[in-house]
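These protein sequences, in sequence, are chains A and B. Just so we're aligned, residue 0 is where the first sequence starts under numbering that gives the first Met the number 0, counting upward by one. Just so we're aligned, residue 0 is where the second sequence starts under numbering that gives the first Met the number 0, counting upward by one.
Bear in mind the hints are in silico, worked out from the structure with no lab data behind them. Please note that the accuracy of each hint is not assured.
[Claimed, not checked] Pairs of lysine-lysine, DSSO-like flavour, derived with a Cα cap of 27 Å: (1) K523(A) / K643(A); (2) K133(A) / K46(B); (3) K768(A) / K693(A); (4) K46(B) / K844(A); (5) K844(A) / K31(B); (6) K110(A) / K24(A); (7) K126(A) / K41(B); (8) K126(A) / K46(B); (9) K71(A) / K12(A); (10) K768(A) / K783(A); (11) K682(A) / K800(A); (12) K549(A) / K578(A); (13) K407(A) / K374(A); (14) K690(A) / K783(A); (15) K166(A) / K305(A); (16) K17(A) / K140(A); (17) K844(A) / K41(B); (18) K46(B) / K59(B); (19) K66(A) / K33(A); (20) K298(A) / K318(A); (21) K126(A) / K195(A); (22) K35(B) / K844(A); (23) K133(A) / K110(A); (24) K133(A) / K41(B).
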Amino acid sequence: MTMRTMLTNQPKKIGHMKFGLLSPKEVRGLSATKVITADTYDEDGFPIEMGLMDPRLGVIEPGLRCKTCGQKVGDCPGHFGHIDLAMPVIHVGFVRVVRDILRGTCRGCGKLLFTERLREDFEKQLKTYEAEEKDVSILAKRVSKDASNVTVCPHCGREHGTIDVDKPTTFRENGHKLTPSEVREWLEKVPNEDLKLLGLNAEVCRPEWMVLTVLPVPPVTMRPSITLESGERSEDDLTHKLVDVIRINQRLQENRDAGAPQLIVEDLWELLQYHITTYFDNQTAGIPPARHRSGRPLKTISQRLKGKEGRFRSNLSGKRVNFSARTVISPDPNLSINDVGVPIECAQELTVPIRVTPANFQFCADLILRGPEPKFPEGKYVPGVNYVIRPDNRRVKVTDKNADEVAKRLEVGSIVERQLDDGDVVLFNRQPTLHRMSMMAHTVRVMPGKTFRFNLPNCPPYNADFDGDEMNLHVIQGEEARAEAEILMKVQENIRSPRFGGPIIGAIHDHISGNFLMTWKNPKLPLEDATQVLSRVGFKGQMPAILEEKDEHGETRKFVMGRDLFSTLLPPGINLSYKANACPSGMKEKEARLPENDFWVVIEDSKLIQGGIDKTSIASEKGKLLDHIARRYGNQAAREFLDKVTKVGNGFLTLRGFSTSIDDEDLPPEARHEIEERIRATKERVDVLLKQYKKGELQALPGRGVEETLEMEIMRETGQARDAAGETASRSLGMDNSAVLMARCGARGSMLNLSQMAGLVGQQAVRGKRIHRGYQKRTLPHFKWGDLGSDAKGFVAASYKTGLNPTEYFFHSMGGREGLVDTAVRTSRSGYMQRRLINALEDLKVAQDGTVRNTAGTVIQFVYGEDGVDPTRSVGGEPVDFDTIFASVASGKAKAKKGGN
Amino acid sequence: MSEEVPAQASRFNVLNHVNVPLHEVLTDSEAKEVLKRYGITKEQLPKVRSNDPVVQVLQKQAGSDGLAGKIVQITRRSPTAGTAVAYRLIVEAI
Ligand SMILES: [Mg+2]
Ligand SMILES: [Zn+2]
Ligand SMILES: [Zn+2]
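Kindly generate the complete structure, drawing on both the sequences and the hints.
Right, here's the structure in full:
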């Protein structure tokens with residue numbers, strides 16, 4: 000009865016906590032039954048009394064009541080039993096503590112091996128430690144270390160042997176084995192006052208309790224058996240282990256009582272020790288793990304708790320959640336960046352709670368009438384209702400059958416769980432969640448299909464692609480959370496990243512190609528095309544200037560300039576001027592501004608005057624124009640601009656047509672010839688270097704050996720060859736080449752990629768050196784011993800298009816492997832670093848007074864970041880953007896002048 | 000050890016190093032004002048140990064070897080904020 004009152008579901012406040020060991024007395028006191036039978040159930044399927052599934056140990060079968068507390072499944076917490084061990088056994092978890100005590104105390108009298116004076120000295124130190132609340136275990140370590148150096152007991156004069164531990168649990172004194180019984184007898188002698196100095200509280204932790212004489216049997220609720228479909232019972236790993244323990248314990252007792260030979264008893268004793276050791280920790284060093292019949296190692300107590308899959312990290316720090324969904328992602332360029340496309344099947348499972356009030360009563364009742372699988376009027380999705388939670392907290396499942404009834408009985412104060420609808424706010428997340436943009440709030444668009452969909456500018460923040468990536472979605476359940484998510488987590492609020500103070504969400508790939516082709520050198524668009532492109536963004540407002548010209552047949556054609564079309568997307572009042580991404584690195588501003596180059600972007604009063612819109616204008620990380628709009632006109636305007644710019648880019652590209660193929664890597668014969676010539680020259684020069692080296696004529700560079708110098712010179716030579724080939728390739732491939740265009744405007748690929756495809760792949764390296772490992776004195780058996788030539792050391796003279804020869808292919812794979820290994824190593828290392836960082840920082844927050852505090856109120860920083868700058872609002876990390884301010888002041892002056900004239 | 004590390008006068012004053020920011024020991028009234036401003040107790044301040052090279056120099060300058068319990072004001076130069084001021088409580092080394 001007292002038990003029952005104790006176990007009510009009242010929440011309790013924890014006053015204090017104390018950790019200690021269970022004494023044998025406590026174990027027996029806690030026990031609901033002694034367990035003596037190794038079996039679990041009899042032939043009829045009933046649990047055996049005093050077996051491992053004794054009904055007094057708790058209930059796991061629904062409907063039955065516990066024989067100890069009388070409660071049903073779920074309410075009965077389960078009750079411990081116990082096994083009386085025939086012989087004592089060392090507890091693996093305390094081997095080191097026991098070792099330290101044995102080393103520091105006398106076997107004869109049990110006292111610490113200190114003279115009275117030394118003892119008093121340590122006791123004094125202990126007092127100061129306690130007074131200053133310092134870690135007592137540091138002192139305790141010193142005590143046992145100092146005491147273990149004593150060879151003769153100062154109290155009784157007994158000689159103190161050296162104590163060693165044999166792998167898991169065997170103690171030796173001067174090489175002679177100590178049985179657990181002997182260890183226990185020794186530990187019993189250690190007086191309470193001495194334990195204090197050893198860092199133990201004798202009240203809750205007598206050292207002899209570290210040698211088990213009685214083993215607690217955990218309640219069945221902790222190790223439930225599962226009934227398989229075939230009707231067969233499958234027991235928990237812990238139960239299996241306990242079966243072993245009881246069996247061996249029984250045999251040990253029988254043999255000992257029957258007076259069996261010492262050898263047999265000892266063997267059984269050790270076996271019992273093994274089983275109990277693996278019962279606690281099945282990964283103990285020095286003994287083979289206990290295995291299941293199938294060969295799988297058993298998951299025992301320590302394995303349940305430890306590590307990533309253990310109770311703490313997997314079930315306590317992290318939990319499974321409701322109102323969430325996971326599926327494959329795919330792209331949808333027609334969505335806004337704020338949206339997420341949700342499959343109907345998901346939407347009908349996920350719900351939003353709506354509190355019923357007099358104001359929305361009829362609305363809620365109508366919702367319920369639709370039931371859980373509403374008919375879609377004219378094929379348009381409408382949300383139904385899955386559950387109604389009544390004011391008395393009873394959950395009523397809505398079905399097609401009872402919908403009318405539930406709607407009729409609806410009361411104010413109920414909660415209606417409405418299915419997901421367009422416009423609901425959800426959190427969308429992709430692992431690994433490395434920064435805050437990995438989890439953003441989206442508005443729902445319910446649509447057919449089985450995947451989550453979002454627009455492509457959201458790929459960089461999530462680091463997502465569509466090669467099978469899956470993402471998670473969480474439906475927000477409260478008004479407060481929804482408001483917070485919309486203000487802090489919405490996609491448009493995260494366009495600018497705190498990582499580098501620029502946009503992380505921006506146009507990518509085809510958006511950039513499209514906008515570049517539409518604006519670079521200002522092409523003419525037939526009016527029909529222009530209107531079609533603009534219709535994609537639902538354009539309203541001032542049409543761009545419509546121009547006319549006569550074609551060769553003398554007919555009037557209406558057209559729109561590409562730049563005028565682009566300018567309609569800009570918010571008013573923008574003045575910017577900068578170099579485009581497509582501009583070659585060496586080109587000066589004056590040259591870049593020339594019409595035949597057109598690599599300088601000038602926007603005056605929101606009119607694109609010159610230049611092509613490319614990566615430096617609208618892309619993530621680099622987009623200056625996008626960044627400018629986000630900072631000056633706000634996130635809403637930036638989102639609208641981005642939504643339009645991507646759609647217009649796609650629209651233009653679709654009308655114009657854009658493609659790349661293998662012949663984009665075709666070089667004219669002259670260029671091909673030039674590269675071949677260059678490769679020949681490089682090989683020749685390498686041979687010359689080698690000859691010099693062999694003759695001993697090569698001059699070593701300062702601070703380097705001759706070999707090093709040779710390698711460096713060769714690396715430089717082959718590097719130059721690749722650059723020269725790249726140079727040749729890019730000279731002979733112009734902007735009319737799709738691959739070049741994409742590389743130049745920053746949509747995808749690089750000139751290096753191109754020159755490797757069209758020109759030559761170049762020197763392969765492992766650990767920064769030419770390929771050097773493999774066979775004795777050579778990299779591959781295709782070469783002579785000691786061959787240092789370019790071919791033998793990984794110079795790939797072929798291009799990806801012509802194809803690599805077998806040795807080149809092999810060297811290329813070696814270089815490629817290094818890259819893969821590097822990424823693998825980097826991710827695992829940085830993952831662990833991230834975990835430690837997050838664990839240290841997770842509960843810091845900026846307090847009302849602007850200081851950064853932890854949960855104890857301790858000041859971590861006096862001003863956030865020591866400068867109070869929000870990196871999200873910084874300009875590439877700088878708090879103030881002087882360049883733009885100067886530029887706008889200058890243009891304002893220029894305008895004033897113009898106006899004055 | 001004592002032979003390797005120069006002692007007393009010949010030892011370099013770390014406060015004069017370019018990378019060491021300005022450290023000043025606050026008077027009791029100044030300290031009180033700082034604690035009041037942040038509404039905290041001394042224990043809630045970041046700490047610096049009394050065997051820290053900077054504190055050693057400060058102790059020598061103050062002519063006392065018991066600066067524990069005092070608060071140092073640290074004024075750092077910052078490219079973004081100009082100067083950033085922080086406070087640390089001197090605690091006994093363990
Ligand atoms: Mg992927
Ligand atoms: Zn019970
Ligand atoms: Zn003794």
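Hints and how they fare:
| no. | hint | in the structure |
| --- | --- | --- |
| 1 | K523(A) / K643(A) | holds (20 Å) |
| 2 | K133(A) / K46(B) | holds (16 Å) |
| 3 | K768(A) / K693(A) | holds (20 Å) |
| 4 | K46(B) / K844(A) | holds (19 Å) |
| 5 | K844(A) / K31(B) | holds (25 Å) |
| 6 | K110(A) / K24(A) | holds (25 Å) |
| 7 | K126(A) / K41(B) | holds (25 Å) |
| 8 | K126(A) / K46(B) | holds (25 Å) |
| 9 | K71(A) / K12(A) | holds (25 Å) |
| 10 | K768(A) / K783(A) | holds (20 Å) |
| 11 | K682(A) / K800(A) | holds (21 Å) |
| 12 | K549(A) / K578(A) | violated (35 Å) |
| 13 | K407(A) / K374(A) | holds (20 Å) |
| 14 | K690(A) / K783(A) | holds (16 Å) |
| 15 | K166(A) / K305(A) | holds (21 Å) |
| 16 | K17(A) / K140(A) | holds (21 Å) |
| 17 | K844(A) / K41(B) | holds (20 Å) |
| 18 | K46(B) / K59(B) | holds (19 Å) |
| 19 | K66(A) / K33(A) | holds (14 Å) |
| 20 | K298(A) / K318(A) | holds (21 Å) |
| 21 | K126(A) / K195(A) | holds (11 Å) |
| 22 | K35(B) / K844(A) | holds (20 Å) |
| 23 | K133(A) / K110(A) | holds (25 Å) |
| 24 | K133(A) / K41(B) | holds (19 Å) |
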